[in-house]
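Engineer: Sequence:
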Amino acid sequence: MADRRLQVFHAVAKHLSFTRAADALFMTQPAVTFQIKQLEEQYGTRLFERRHGGISLTPAGEMVLSYAEKILALSDEMETRLSEMTGEMRGPLLVGASTTIAEFMLPRVLGEFNAAYPQVRARLIVANSESIESQVAEHTLDVGLIEVPAKLAGLTSQICCEDELLVICAPDYPLAGMKSVTPKALAEYEYISREPGSGTREITDAYFLAHKVPPDNLKTQMELGSPESLKGVVSTGLGFAIVPKAVVAKEIQLGELLAIRLNPPLKRSLYLVSQKDRFQSRLTGTFIEFTRVKLKEMAS
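For what it's worth, the working numbering labels the leading residue of the sequence shown as 1, then goes sequentially.
By construction, these hints were calculated from the structure, which means they are not laboratory data.
Honestly, I wouldn't trust all of these hints.
[Unchecked claim] Okay, derived cross-link-like pairs now, BS3-like style, lysine-lysine, Cα gap no bigger than 30 Å in a straight line:
no., residue 1, residue 2
1, Lys-245, Lys-219
2, Lys-231, Lys-296
3, Lys-14, Lys-151
4, Lys-250, Lys-276
5, Lys-294, Lys-231
6, Lys-250, Lys-296
7, Lys-267, Lys-184
8, Lys-294, Lys-250
9, Lys-151, Lys-276
10, Lys-219, Lys-231
11, Lys-245, Lys-294
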């Protein structure tokens, strides 16, 4: 087991905030501050510069961080290999997912995985695709599920399933009644968009550009950070949105929203992202394969 103080230091260095590190570690802020103070006293040097606007790593802190990452990774690998020698699938599993995947696809997957492997403690972190990718790259997460391929060096992406995106609007919105709609036609209507950094936003922006409709030319009314808020605004009749099919299945069935296919259709792949060169535990590998199979079943 790695020194707890190194784990605390690593969290503070990554978040550059005692408060956020305490939240991530389920500790109090004074306890985090005390652990860092102990570590600084042990090494006889300051690891962080404290300023009114926040904290930053000192040169000594930068060096300690580089070693801490190696030590913590080796400690995790040792514990994993020891548990695998017993034949049991157990231990923590840190999974990150974009908002759409986390809210509408992963609950069933995690429930079934927990039933199959009750000794595993899965923790789900929800953020947009860009943030999840960064956290996998920083070793904060074991695996991520996002809506675009990973761009950062050192990561590998594998397609887990395909999803279609649809135009949605209120039943009394002018688009209602159309069976399909082109990108050019959509430029004439009010648009409710996802926020920058969202995988859905990246996909839809690229789709409009590919069909010669610059996203800046759309009548964007607002940018929202979650599928639920997007659906809520669209239901008021303020405009249309473009969302994954899985997001609106319930509302379409209840008649609260209408779905219109894009012409040409807009389909995308969803990706499992993990470290390319880092040791991958049997637990992580099993979860990746389990998730890939389950999501394909759900999409079919």
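Engineer: Now tell me if each hint is right for this structure.
Structural biologist: Each hint tested on the structure:
1. With a C-alpha separation of about 23 Å, the suggested pairing of Lys-245 with Lys-219 holds against the 30 Å cut-off.
2. Restraint check: the Cα-Cα separation between Lys-231 and Lys-296 comes to about 25 Å, which is no more than 30 Å; the hinted pair holds.
3. With a C-alpha separation of about 20 Å, the suggested pair Lys-14 and Lys-151 falls inside the 30 Å cut-off, and the hint holds.
4. Pair hint Lys-250 plus Lys-276 does not hold up; C-alpha atoms about 37 Å apart against a cutoff of 30 Å.
5. As the CA atoms of Lys-294 and Lys-231 are separated by approximately 26 Å, the hinted pair is consistent with the 30 Å bound.
6. Annotation: proposed proximity of Lys-250 to Lys-296 holds, straight-line Cα distance about 20 Å (limit 30 Å).
7. In summary, the hint linking Lys-267 to Lys-184 is supported, as the alpha carbons are separated by about 18 Å, within the 30 Å threshold.
8. At most 30 Å may separate the alpha-carbon atoms for a hinted pair to count; Lys-294 and Lys-250 meet this at roughly 20 Å.
9. For the proposed pair Lys-151 and Lys-276, the alpha carbon gap of about 12 Å is at most 30 Å, so the pair holds.
10. In summary, the hint linking Lys-219 to Lys-231 is supported, as the alpha carbons are separated by about 17 Å, within the 30 Å threshold.
11. In summary, the hint linking Lys-245 to Lys-294 is supported, as the alpha carbons are separated by about 17 Å, within the 30 Å threshold.
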